[in-house]
Amino acid sequence: MHLKKEVTLKELAGFINADISDEPDHIVNDISEPESADERSVVYLSNKKFIEKVNNSKAKAVLTSDKIASGSLTDKILLVSKDLEDSFNKLLEFFEYKEKFSPCISDKTSIASGTAVSKDCRVEDFVAIKDGTSIEKNTIIHSFVYIGKNVKIGKNCTIHSNVSIYDGTVIGNNVIIHCNTVIGSDGFGYLQKEGRNIKVPQIGNVVIEDNVEIGSNTSIDRATIGSTVIRKGVKIDNLVQIAHNVTIGENSIIASQTGVSGSSTVGKNCILAGQVGVADHAHIEDNVIVGAKTGVPSRVVRSEEKMIFGTPGRTILKAKRIEAIAGKLPEFYQEFNELKKLVKDKLK
Amino acid sequence: MHLKKEVTLKELAGFINADISDEPDHIVNDISEPESADERSVVYLSNKKFIEKVNNSKAKAVLTSDKIASGSLTDKILLVSKDLEDSFNKLLEFFEYKEKFSPCISDKTSIASGTAVSKDCRVEDFVAIKDGTSIEKNTIIHSFVYIGKNVKIGKNCTIHSNVSIYDGTVIGNNVIIHCNTVIGSDGFGYLQKEGRNIKVPQIGNVVIEDNVEIGSNTSIDRATIGSTVIRKGVKIDNLVQIAHNVTIGENSIIASQTGVSGSSTVGKNCILAGQVGVADHAHIEDNVIVGAKTGVPSRVVRSEEKMIFGTPGRTILKAKRIEAIAGKLPEFYQEFNELKKLVKDKLK
Amino acid sequence: MHLKKEVTLKELAGFINADISDEPDHIVNDISEPESADERSVVYLSNKKFIEKVNNSKAKAVLTSDKIASGSLTDKILLVSKDLEDSFNKLLEFFEYKEKFSPCISDKTSIASGTAVSKDCRVEDFVAIKDGTSIEKNTIIHSFVYIGKNVKIGKNCTIHSNVSIYDGTVIGNNVIIHCNTVIGSDGFGYLQKEGRNIKVPQIGNVVIEDNVEIGSNTSIDRATIGSTVIRKGVKIDNLVQIAHNVTIGENSIIASQTGVSGSSTVGKNCILAGQVGVADHAHIEDNVIVGAKTGVPSRVVRSEEKMIFGTPGRTILKAKRIEAIAGKLPEFYQEFNELKKLVKDKLK
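Listed in order, the protein sequences are those of chains A, B and C.
First residue of the first sequence? That's 688 in our numbering, and the numbers climb one at a time after it.
First residue of the second sequence? That's 688 in our numbering, and the numbers climb one at a time after it.
First residue of the third sequence? That's 688 in our numbering, and the numbers climb one at a time after it.
Okay, chain A solo, but in the shape it has when bound:
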């Protein structure tokens, strides 16, 4: 949520690290989209194609870059930044409504006796915490969160409502888990025997390191043995599936509806776009980008491949070449048939 608050452009420019073209004493009170802005709004212009929209907006102040702004914004006060994305982020921060943290452990909860929940946490009504679990200071647990046995949760975490965390999960510091996400459900393993599916016990756990953020309605399964590991700084979107014994490397980003199958690994600083499927026992090395909807087979994807795409995932250059010709298959087939006719006619 955001909060309207009055500030002079001069003061704001200092906060977001931008130069003002004019009127440092103009007062603004919000950040808006061009369509809904009024003269007290700041709007953000990151692409020349939106210049007209911004010119037509009632906003007087525009955050943009030198390059984008040059000569084409009329009657606007410019906040010009050399690092536009960074200034935009600071602008959002400025108007973001952040609730003051106040520790409080509700007494309308179900907290087992053998737990170690720091009194400097905020635990809302209707939370269940089982035996042997510890939670460090400044962590917020929202309502309807279930935390199993022997779970460790670090400090400064936010666990949103209706999240379920199974026994034995380990969560570091500064971790955010959005609503209705499940951490530690059983890995999907069955032994097929005489036409029946015998459950393979899943006796490992999930380890989530510091500064990880996980979206809503995502599932991360526990390991069969050992740990499913989400390394430092990883960001995972909504409706993502991380199967048993997977490791996601530091600072990697996994977009919505992507699934990573059992025992696969994703390296550091990778990006998996939306609806990607990674087969089991695949190994994606550091810095690889996987395009949307790609199917990654059970192979090693080398860092040198840089960006892969398609099903089965191939380097982007190759995949795009294939896609281009696939898109012209009807014409190709017709050309072929013409050639064939020509040959048959001439060579008969």
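FYI, nobody ran anything at the bench for these hints, they're computed from the structure.
Hints are not guaranteed to be accurate.
Where chains are identical, the list cannot tell them apart; a pair therefore holds if satisfied intra-copy or between any two copies.
Claimed, not checked - Under the rule of at most 27 Å between Cα atoms (straight-line distance), these lysine-lysine pairs were calculated in the BS3-like manner:
no., residue 1, residue 2
1, Lys955, Lys736
2, Lys1007, Lys955
3, Lys836, Lys1007
4, Lys745, Lys1007
5, Lys763, Lys745
6, Lys785, Lys839
This structure is a prediction, so every number in the text was calculated from the model and none was measured.
Chains B and C: place on chain A using the hints.
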């Protein structure tokens, strides 16, 4: 759920707007599938290929159309409708069990003091409602629903169990949200800086207009600034992802496991089938149908394209032509090799 | 979760049905991955490619087969099994931590008066159970589980936290449902009339037979009329969509993020891999395997097709042939152009 209730065919025919072929005083008490019907059941026949199944059924009464029924149903009493789907809908409504609404706000809840929950709502046990939130009359909130701060919910809504609604969400009238769905989780935005992912504050909200229905386990993210908007009459299935700043136009339908990426728009009266992926900043105009599993790239999809299909999504005619030839690639390649051999043999 | 417990190899070998190569009195206390093992660990070796990793491990005891072990493991005590997967499963069972079941119905729940919950169940704090519902003995209901009206749940079931079960659902014995899964949400059916979407009442239910396990964040919709049926022994992974009126046959396995559309049927002993989409009114016969990401159209898939793959799903042999040539399309097109040039040059 449904309810058995006795009714003469004459009375039922009036309710569902159909003509009776015979025996207006025959009493039925349920709607059934042909296999499980007894002589008091009504069965529904919408396609000639199920005629045998219906003939073999114990049901005496059959709802169908003139065209389907003509001469081929034996020993059945026909309820013949000129608008078969509509009559079927009314038949379902007739036997549907609808609980009588009785307002009641449980005292086993966690409702902050600064809220405005109409006393004509039903709020079940174990509901959490935060400060500044208002809920209008005749709305039902089931157990384990979490409603954040400054949320507005209209009248006649049903919010099923374990739904999570973040701060600042606005919901209209007659909205149904199924279990475990999440409204307003943070948009997935990070600024990559020196190898780290800096969170972009998500200070917008989600707006859901009147008459929207949203399935279970679906995620709709809040906007970065402004609103993610679900317009009037939109119907969204289970496990769907709607990213930040998306707008879904009036009366559009989005099937299960589809994902719409950030800042994309879907027009009015569109249909997105299952497992579709829409890239970010794509714009789908009104009345477009997107086939199952289609990948829609970041482009404008014009209404004139009518139906698109495949990855990347192309007009259905083109996509189907490509698919047809792709399916014959081995034969095509063999034909080519034969021609090549012929040419080489003859021209050497 | 697992539990360290000391046992001699002799005793353990008896439990897991393996032969010991040496040192029957060596004491072990855990099962570990090679990297984290110490000399009291047992490690599992199921594939020759991990021999070096196991040799480098601190573990002294290795569970493996005769064929894998032959001559290549150095300084290890071998537990040699003729049925390696089965022995591994027993080994996991040996170290699995299983909580002793103790019946207890919390009084911090919301259980309607007209229910029949066996006193031999365990119902945790913050559970809601509505009127007319029955639950048999030895079943565990975790916190924040919502169970609607007239639901039947058998014995020895485990319903994990934040699961939502709608009115009229029928669940057999020995069923496990993981966190945040939804059973019985409305089928996705609308009647399009004058540009509006009229809800089709969904008056059927969901029936889940014995020995079914369902992962987390999965949605199974109720039938329009009749039942959506999950037959005995079916195993369903996380984030799966099962639409209205679907039947999944005995012992079939459905992997993560797969969706089965309305009125489709899946036979016995089928395997649907991850991210598969099955169109509506498709019928997959017994024993069919559907490869990952496959799109199954609205047709009958015969048992004789054995394994299908691709979009649209074709027999694996055909699909792989097509894929192979599709992967060489740029080369194919170039070859074609060379031939064309040759022909044009020579035949002019």
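Status of the hints after comparison with the structure:
no.: 1; hint: Lys955 / Lys736; in the structure: between (34 Å within a copy, 24 Å between copies)
no.: 2; hint: Lys1007 / Lys955; in the structure: within (25 Å within a copy, 32 Å between copies)
no.: 3; hint: Lys836 / Lys1007; in the structure: neither (49 Å within a copy, 47 Å between copies)
no.: 4; hint: Lys745 / Lys1007; in the structure: neither (43 Å within a copy, 47 Å between copies)
no.: 5; hint: Lys763 / Lys745; in the structure: within (10 Å within a copy, 69 Å between copies)
no.: 6; hint: Lys785 / Lys839; in the structure: both (26 Å within a copy, 20 Å between copies)
In the structure shown, a violation is registered for the earlier hints numbered 3 and 4, in ascending order.
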